[in-house]
Structure formats: C-alpha cells, structure tokens
Amino acid sequence: MDELRLDGNAAAGTLGEVFSFEVTTAEYACGGCGKAGTLGGAAVYEVRDLGIIVRCPGCDNALIRVAHNRGRYLVDLRGTKYLATG
Amino acid sequence: MGEGFFSRGFRGRRRNQDTALPPGQYLEDGFPVLSAGPTPRTPLEEWDFSVVGEVDEPKRWTWEEFRALPSEEITTDIHCVTKWSKLNTRWEGVSVDTLLEGVDTSAEYITAYCDGDYTTNLPLEEVTGGKAWVAYAYEGEPLEPEHGGPARLFVPHLYFWKSAKWVRGLQLIAHDIPGFWEGLGYHNFGDPWREQRYWGD
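Protein chains in written order, with this note's numbering: chain A, 295 to 380; chain B, 619 to 819.
For reference, chain A alone in the conformation it holds in the complex (with noise of 0.2 Å):
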C-alpha cells in the first residue's frame, strides 16, 4: 500500500466546499463542442420529477445531468471538461 494514500475522508474538506458552490456563477467548459460559460448561463430541461438536465447553449451537450432518487440525487458531470467554483 502506497504510504502517501490517505482515504476519502482526507477530501472531505476540499469536496465539501467544492459542492457547495455558487452554482449560477460557477464557470464550464463543455466537453462536447469546449465552449466556457457560466452556469446561470446555460440552457436546462427540468423532467418533471425525473431530474434535471443543464445543456451547454451552444451545442446541446448535456453538461450537468441530475436525476431524483427516493430523497436522493444521482449527479452525472461527464459532460463538463471541468468546473470553476469559489
């Protein structure tokens, strides 16, 4: 076992802060077309109780995708190359 492998809780400050990010400022860039935006800029489907779905403006891609589970979320960031929160 490598001796500089901590485990998850080690993240649980950085993560935690990550996630609670100001959302409509935070910045992407899509990871279908590459277009940097901010959050409070894209475009987003909201599926009843389903989820919801942010969609980069200029190409569709689905960026952010969000689905409701009994209480829970189901979070899907693969669209995204990346996220700039803070």
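Because the hints were derived from the structure by calculation, they are not lab data. One thing to keep in mind: the hints can contain errors.
Here are the simulated lysine to any residue pairs, SDA-like style, with alpha carbons at most 25 Å apart [what the hints assert, rightly or not]:
| # | chain 1 | residue 1 | chain 2 | residue 2 |
| --- | --- | --- | --- | --- |
| 1 | B | K749 | B | L790 |
| 2 | B | K704 | A | I346 |
| 3 | B | K701 | A | H362 |
| 4 | A | K329 | B | P658 |
| 5 | B | K701 | A | R366 |
| 6 | A | K375 | B | D735 |
| 7 | A | K375 | B | L790 |
| 8 | A | K375 | B | G801 |
| 9 | B | K701 | A | I346 |
| 10 | A | K375 | B | P741 |
| 11 | B | K701 | A | Y339 |
| 12 | B | K704 | A | V317 |
| 13 | B | K701 | A | V338 |
| 14 | B | K701 | A | L298 |
| 15 | A | K375 | A | V317 |
| 16 | B | K701 | B | H793 |
| 17 | B | K701 | A | G365 |
| 18 | A | K329 | B | R659 |
| 19 | A | K329 | B | G734 |
| 20 | B | K704 | A | D370 |
| 21 | B | K701 | A | E340 |
| 22 | A | K375 | B | K704 |
| 23 | A | K329 | B | S653 |
| 24 | B | K701 | A | N363 |
| 25 | B | K701 | B | W665 |
| 26 | B | K704 | A | E340 |
| 27 | B | K701 | A | V317 |
| 28 | B | K701 | A | V348 |
| 29 | B | K701 | A | R364 |
Since the structure of chain A is provided, determine the placement of chain B on it from the hints.
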C-alpha cells in the same frame, strides 16, 4: 346490515381501481410533456429509421418506406415513472416484429437511439412478440413533436421513459448497456406493475 352492504360495495369499487392502475400511480387526464432536451425538428425528407448492430445486414427505411409498412392500431394504458397514468390511449405504429422481420441476430438486447442524445435499453424479448411499436400517430393525429413525433418507440407495458421520443433506430447488441435514465439511478427494466422505478427496486 347496512354497514356490511356499504363496506362490501366500497371494497368492490376499490378493487376495480386497483387493477386499472399499477401501484403508486394516479390517473391523469392531460398528457404531460417530459423532455430532457430540446425538441428536435428533423424534416421528414431527412428522417430515416435503422436497425443496426449485431445483424447480418443493417436495415434502413426512409419516412415514405416506413409509412408503407403494415401498421397496427393499439389502444392501451401508459404509465410514467413520475406517477401519472393514462388509460385507453390510442396509437398507430409499426410493430417492432415487422421491423425485425428476416433479421438474423444473436443479440439479446437493444438500445433505442434518437434525435438528440437520448437512449434507452431493453431486452430484445421485451420489444418482440407484439409488445412494442414505432408509433407515428396518437388519437388519430400525427404524433406531435413535443410527444416524440414524427415517431417514438412505444413499449406500453414498461414505464414510459422506455418509449423513447424521436426514435431513429434500434441497435441490437449482445450485452445490455444502460440508457440515459437507466444509467442515472432509474431501474434497468422498469415494470410499472412491480413498481421498478429506481435501482434496487
């Protein structure tokens, strides 16, 4: 006496309702629109439908050729995972059996693909044997784009997200690949009568 009479009657009516709707569903008179993305508007002259993947020879129909295929009228109930159900809806479409006629395949699953990025996955045996159609008309009218027109997959015995809007083809595959919602917490099979809404149901 009177009490017995009323409670028997009440239970009788409830039983009828219970058999009409799968568990957890409510009756909806309207036709809610659920879209995970922009409504595609593919002109009919550019539209086609394909059967690809593990087939001896891929198949393709233009809109004109597709509409010339034998079609069927289906009157049945539909059930959305967001808990609304509609009873006795009337559709017209081409049976998936017709589309797969003469196709030689060892595939056991399909992925339905669509205009836009939507996909849904199904076992091949759930879309054959008179259980699924590619529907182009609803209540006697051409299917509206917001409801999946010009054509949507129609698999009414499963939750309605399996009835993919704007469907453009079926890919036959050996191994199951979860689709748009199935990969994000929603049940892989989606039987409303067994209330298979989420992973683990």
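Handout entry: Hint numbers not upheld by this structure, sorted from lowest to highest
Key = The structure breaks hints 7, 10, 12, 14, 16, 20, 22, 25 and 27; every other hint is satisfied.
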